[in-house]
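K.L.:
From first to last, the protein sequence lines are chains D and V. Position 708 (the first sequence) corresponds to 692 in this note's numbering; numbering is contiguous. Adding 1300 to a residue's 1-based position in the second sequence gives its number in this note's numbering.
Derived from the structure by calculation, the hints contain no laboratory data. Glycine residues also receive a C-beta, built at the ideal position from the N, C-alpha and C atoms. Heads up, a few of these hints could be off.
Claimed, not checked - Distance windows between CB atoms, simulated:
{"no.": "1", "chain 1": "D", "residue 1": "GLY483", "chain 2": "V", "residue 2": "PHE1451", "range": "34 to 44 Å"}
{"no.": "2", "chain 1": "V", "residue 1": "ARG1406", "chain 2": "D", "residue 2": "GLY703", "range": "40 to 50 Å"}
{"no.": "3", "chain 1": "V", "residue 1": "GLY1328", "chain 2": "D", "residue 2": "PHE123", "range": "47 to 57 Å"}
{"no.": "4", "chain 1": "V", "residue 1": "ARG1406", "chain 2": "D", "residue 2": "PRO354", "range": "56 to 66 Å"}
{"no.": "5", "chain 1": "D", "residue 1": "THR115", "chain 2": "V", "residue 2": "ARG1361", "range": "46 to 56 Å"}
{"no.": "6", "chain 1": "D", "residue 1": "ASP322", "chain 2": "V", "residue 2": "GLU1337", "range": "52 to 62 Å"}
{"no.": "7", "chain 1": "D", "residue 1": "GLU699", "chain 2": "V", "residue 2": "ARG1361", "range": "46 to 56 Å"}
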Amino acid sequence: MSDGPPLHRTLGLTDEEAGRITGLMGREPTDPELVMFSLMWSEHCSYKHSKPLLAGFPTTGPRVVMGPGENAGAVDVGDGLAIVFKVESHNHPSAVEPFEGAATGVGGIVRDIIAVGAKPIALLDSLRFGTLDSRRSRFLFRRAVEGISHYGNCIGIPNVGGEVQFDERYEDSCLVNAMCVGVVAQDRILSCAARGVGNRLVLIGNRTGRDGIGGASVLASAELGDDDAGKRPSVQVGDPFTERKLMDCCLALSEAGLLVALQDLGAAGLTSAASEMASRGEVGLAIDLDRVPLREQGMAPAEVLVSESQERMLAVVEPAKMDAVAAMARRHELDATDIGEVTGTGDLEALWRGEEVVRIPSRYLTDDVPFQDVPRTPAPVPVPIDLAAVPEPADPGAVWLALMGEPNVASKRWVFEQYDQLVGANTMRRPGGDAGVVRIPGTNRAIAVTLDSAEWHTELDPYAGGMASVLEAARNVACTGAVPIAATDCLNFANPEKGSTGWRLAESIRGMADALTAIDTPIVSGNVSLYNESPRGPIYPTPVIGMVGLLDDASTSLGIAFDLPGHAILLIGHGEPRVDASRYLGRCEGLPPRPDPAGDAALFRLLAECARQRLLVSAHDVSEGGLAVALAECCIAGGVGAHAAIPAGRRADEAMFGEGGGRVIASCRVENVAAITALAEGAVGVQQVGTVGGDDVSVDAGGSVARVGLRDLAEVWEGSILRALEAR
Amino acid sequence: MSAAHVAVLRFPGTLDHESAARAVQGVGGEPVYTHHEDVALPDGTAAVVIPGGFSYGDHLRPGALASRTPIMAAVRQHAARGGRVLGICNGFQILCEAGMLPGVLRPNASLSFICRQAELEVADDGTAWTGGRREGEVLSIPFKHHDGAWFGDPGHARVVLRYRGENPNGSMDKIAGISNLAGNVMGLMPHPEEAQDPLLGSVDGRVIIAALIA
């Protein structure tokens, strides 16, 4: 051995963890074994810092068919069908190589859905970058979007929504979260649990190369520093054409009943896939590494075991069905290779040139992880903004226009136009509204899906921010008329061992859990991404929530667009707007109002009932930029102006641009106002605040009037991102 | 009487075959998926649709590999007998690569993929492909492509559809769809199969799909 540091430290294991491994094994581990432990015990694979906290999430309910722990969660949507979904991060690879990082992020989450036997029907992504005046951030933003576009378009899954935010806190650590939604007959849902001693282990798809070695431990479980160029080989390279063939092949295999279990190969490759399958099925797996089809020569056994080469799936197949599986793979122009078998030992074994190089009880890798509590050092909760210290604008119309062009508020059309939103011909509400709406193929039902996070709120008041993230996502879904039914989460945080990050993580999870319980939407899958931090500091705590809602009648879905002049404009919901941590204030400061989950639950019920009875024409969540921006967005979408008059509250500018509460701008035919008010039964506030029509959009807040031409608003809002990219 | 059979071609990487098949069904035809390695079209094929997608992952050039598959020889014979062939998006690219339609489809002027609802103006109402729509009438149909800027000699084709308003992709003369001079082979970048259902925003694609079996 050389005099360098011991292997376990190079692999990112602490001395204590190395001692624990030796203790568990009762001997010194072989090098390949140590590599496998280092990956499986990394935060990225084991959630060793976060798993104890995640136990607080509600995960059960009458619709839950499959909760957390499998490749993706599944919920009952009627007709014997389940909707399967999960959100996952690919932050660290995207910060190193944004195109491939984002592309393979899409590939990975799609395989999670395929592994359940579900047909993917929608993609979404939640992206965060530094501000667009930074060259590096513009590069990361452009290339990540191109990566998602390239991969997602080529595999033929419509991209129906998501969000993009810019803030200097993401300059070094961008966030790329991708969500995939699929549909499967409930009696065809596949588990990853390997079963049946003697059954064959089959690797389907791409050959195995050196790409992505150690991605989970090297990239995703440590902070990025200044010498990241050397980590580039840890980023995987995607091939969407193969992924499409893999998807078609796996779904055909599942349809034909040829699979016992299916698992995708993601972080830590074969090691992770095999140990999950073995551990979940309480069996052993023996792999003959010499049979794994390789892309390059001279690979060491450890490299074959942990390669993160993309577009691979691992299946368990009964011996009698092997010929049929091979034939199906050939038909899809893919390799399907018998690489081993299910054993009764409970061990993960690997043979290399006839010698046993690995024998680890699989539960050591998956269950005996040294869980660590995170330090919970509270940060002081800030005081509310003193409104008197915020100058009141002389020209609220100018403020309004400037807000519309603020990249966080502006239309993300430049992004979503690069995505195929329509493939499959089931997309009923395209990106740009509150939530994407996709018909469940072959039915009259539809799902509404969105991704959201309230990161500023979570930074300032993590418990409330966790709640706000859930409720914002649910409100977006509810604005389409859908009933929120279940959620998935991607918790993007900084280093949990530093500062107050651990406390923010714990508190925001508590807030999310309380909000989810209040609105009766369990978490069915999720992902955690920690260490999103550089020497220049941590990201904002960014708990991204993917929410799925159900519309029993697809034809009742609502969009955000105002329709006809003369329609009434309603402000529905609860809460008082505040400037605290608003886009209008422009800073993450102050103390936003605490969310009211019970109030939101009542709001969601009202919106769903109004949609069902076809009482509303449109509905749009009031969020960033406040009521004035929401109103303008409804007008731009409908190509028609509007006038609204609202109380000034504490001050006119706060009434127009303040944020908070659960508020929705809706429109309806005038004759329906009374019926909507009656349905609200006083439990939800319903105020008629204006009328659709004209070429201008105006807001009168207690006599202070902002008025801007619709075309001016639209031009600023729609062109802002492209201008920011092209200006330099 | 049984419905007219419409062969819906499937190459590795074809994505829009299901929506194309549904659209064919919607206008009263019977879609029959046809594999790229087949050497003949299904018996009784009345017309052929080559749906969109990324056949062979766009390797080499969009449509280049698919245009040289066995099934394309059969499609060529079908067209030579006067049979109708509709290429949508990647299908249009395949028809150009196969030499069944003139010109090429270059990358969009923006060099990025664009997905957008388009207004298409009927430029030539003399082919079957626009049904009874008159010249100047407008169809609202989405497009979504990276390589959709048609470039060629319009004298060797009939310009059936043009983008109205701003040119979205840098296509010559704002051309969105062309047919051969005989009028039986049509290619267009927009997706009529995704404009079949009022719930999805437009039904203007029906005339084009209906022309397959008219």
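K.L.:
Identify every previously stated hint that the structure contradicts and give their numbers, smallest first.
P.N.:
1, 2, 5, 6, 7
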